[in-house]
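Student: Fit chain B to the supplied structure of chain A, relying on the hints for placement.
Chains as they are written, first to last, in the working numbering: chain A, 1 to 245; chain B, 1 to 155.
Source of the hints: derived by calculation from the structure; they are not laboratory data.
For each residue, glycine too, the CB sits at the ideal point set by N, CA and C.
Do not rely on the hints blindly, as some may be mistaken.
Unchecked claim - With a Cα cut of at most 30 Å, we get these calculated DSS-like pairs of lysine-lysine:
1. LYS179/A with LYS75/A
2. LYS4/A with LYS21/A
3. LYS179/A with LYS77/A
4. LYS179/A with LYS140/A
5. LYS8/B with LYS104/A
6. LYS147/B with LYS77/A
7. LYS21/A with LYS75/A
8. LYS75/A with LYS147/B
9. LYS8/B with LYS75/A
10. LYS17/B with LYS2/B
11. LYS77/A with LYS17/B
12. LYS179/A with LYS147/B
13. LYS147/B with LYS104/A
14. LYS21/A with LYS104/A
15. LYS2/B with LYS179/A
Said to hold, decoys possible - Away from chain B, derived, C-beta distances all over 10 Å, residues of chain A:
16. SER63
17. GLN91
18. SER163
19. CYS185
20. GLN219
21. PHE239
22. ALA240
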Amino acid sequence: MENKTIHPLEMMVVAISRLLKNGEVVATGTLSPVPAAGCLLACCTHGPDIVPMIYGDPENRISEGLFELFGLAQKGKVDVFFLSGIQIDQQGSINLSVIGDYAKPDLRLPGGAGSSMLYALCRRTILFSMNHTRRLFVPKVDFVNATAFDDGFVSPWRRGGMSHAVTPLCVMRFDGTRKRVVLDCLMPGVSVDRVAENTGFDLGSEGQEIPEVAPPSDQELALLRTEVRDRMRRIYPFFAETLWG
Amino acid sequence: MKIRDDLKVVRDPYSGKDYVVVPPVIPDVAVIHAVRGDRFGGITTIASRNDRLMAMAARTTIAVVEELVEPDEVLPGLQEVYVAPIHIEAVVLAAGGAHPTSCPGRYPVDAEHIRTYLEAARDEAAFREYLDVYILEPQDHSAYLRKVGFRYDGK
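The shape of chain A in the complex, shown without the other chains (with noise of 0.2 Å):
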């Protein structure tokens, strides 16, 4: 291995592959480059019975569109998937609309797509920022396109909701008791003040020791930058391009 110095998003891919199950159906949506090369190495590491249903993979064969893996979802059919926002809240709401007022919004943006429905429906959603700043973990989002659990009454058809948040610096989890977003480890070599000073919500983690992730394994590094790297320069040229070279 020429260079063993780790990007962020390399760990990134690393936590997010460590996280799947093996013989879990998931399925990653659009503009989602980590997610799929954390899928694809979880595939030929720890997982080789995981269903990787990654969109724009021309060796996944599909029927018809995004509104396929939406009917797959609606049918319980999808165990992961992967949502992102341009605000996450203490609460695991996302906010894909705007930022600012809604009527006279200071930021508009495409929108929420699927986001609300497959955030109930996929039985776990992983959220992932390529970016980990107060502006993106913020207090309560301006708009809320998608939550990660049902507040205050139940809706008929929820199946599932935020199971973990992945960042260049720690990954985050749902904690379902106390109904909130709390840090969970760090990556290699940031430690929970940089942590807390990036995010505009305390990190429910007091009085706790947080572990690190651990590094890549000589394993997870070789694949990553063979087999996944390879893979993801037909599904995400410019990603992998930026990434690898």
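Tutor: Same frame as chain A, but now just chain B:
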């Protein structure tokens, strides 16, 4: 529902549960880019997009195709689906018609041109100039393709 007064709650008569329903989107016109098509409107298009769904939903659908073939040659490839003529009102032959975006299996995204467009879109004057150079001045699609330096790599 606070901001979308066209969303309604209905009771599912089978389960008795309440659901929020959304009115259907029925486009007046859908324009889709297809891999191949025949003179009667049968086409094959990329499965990962929602082209067939849009063609079936829209009142009028225009399919831009990479190549015109005989009806018995409108066979979907590995990543494609067939859309029947009943859903298609017009077929337009324009090889390279998806440029600067991609036609999977035929040609990739023209990243350089996308960057040119994004930069031009930042201000009004630059965007006017982009329109003149790439949209208004070229006399036809072939002239546009020559202008942007499109190279058709074939199948």
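Student: Are the hints correct? Go through all of them and say.
Tutor: Against the structure, the hints:
1. LYS179/A with LYS75/A: holds (26 Å)
2. LYS4/A with LYS21/A: holds (27 Å)
3. LYS179/A with LYS77/A: holds (25 Å)
4. LYS179/A with LYS140/A: Measuring from Cα to Cα gives roughly 14 Å; hence the hint holds.
5. LYS8/B with LYS104/A: Holds: LYS8/B and LYS104/A sit about 25 Å apart, inside 30 Å.
6. LYS147/B with LYS77/A: violated (48 Å)
7. LYS21/A with LYS75/A: Cα-Cα ~20 Å, so holds.
8. LYS75/A with LYS147/B: violated (49 Å)
9. LYS8/B with LYS75/A: holds (23 Å)
10. LYS17/B with LYS2/B: holds (21 Å)
11. LYS77/A with LYS17/B: Roughly 22 Å separates the two Cα atoms, so the pair holds.
12. LYS179/A with LYS147/B: violated (57 Å)
13. LYS147/B with LYS104/A: violated (40 Å)
14. LYS21/A with LYS104/A: violated (43 Å)
15. LYS2/B with LYS179/A: holds (25 Å)
16. SER63: violated (7 Å)
17. GLN91: With a cut-off of 10 Å, GLN91/A remains clear of chain B, as the shortest Cβ separation is near 18 Å.
18. SER163: The claim holds: SER163/A sits with its nearest Cβ about 25 Å from chain B, beyond 10 Å.
19. CYS185: holds (35 Å)
20. GLN219: About 31 Å separates GLN219/A from the closest Cβ of chain B, which puts it past 10 Å; holds.
21. PHE239: Non-interface label stands for PHE239/A: nearest chain B Cβ at 12 Å, farther than 10 Å.
22. ALA240: Correct as stated: the minimum Cβ-Cβ distance to chain B is 13 Å, above 10 Å.
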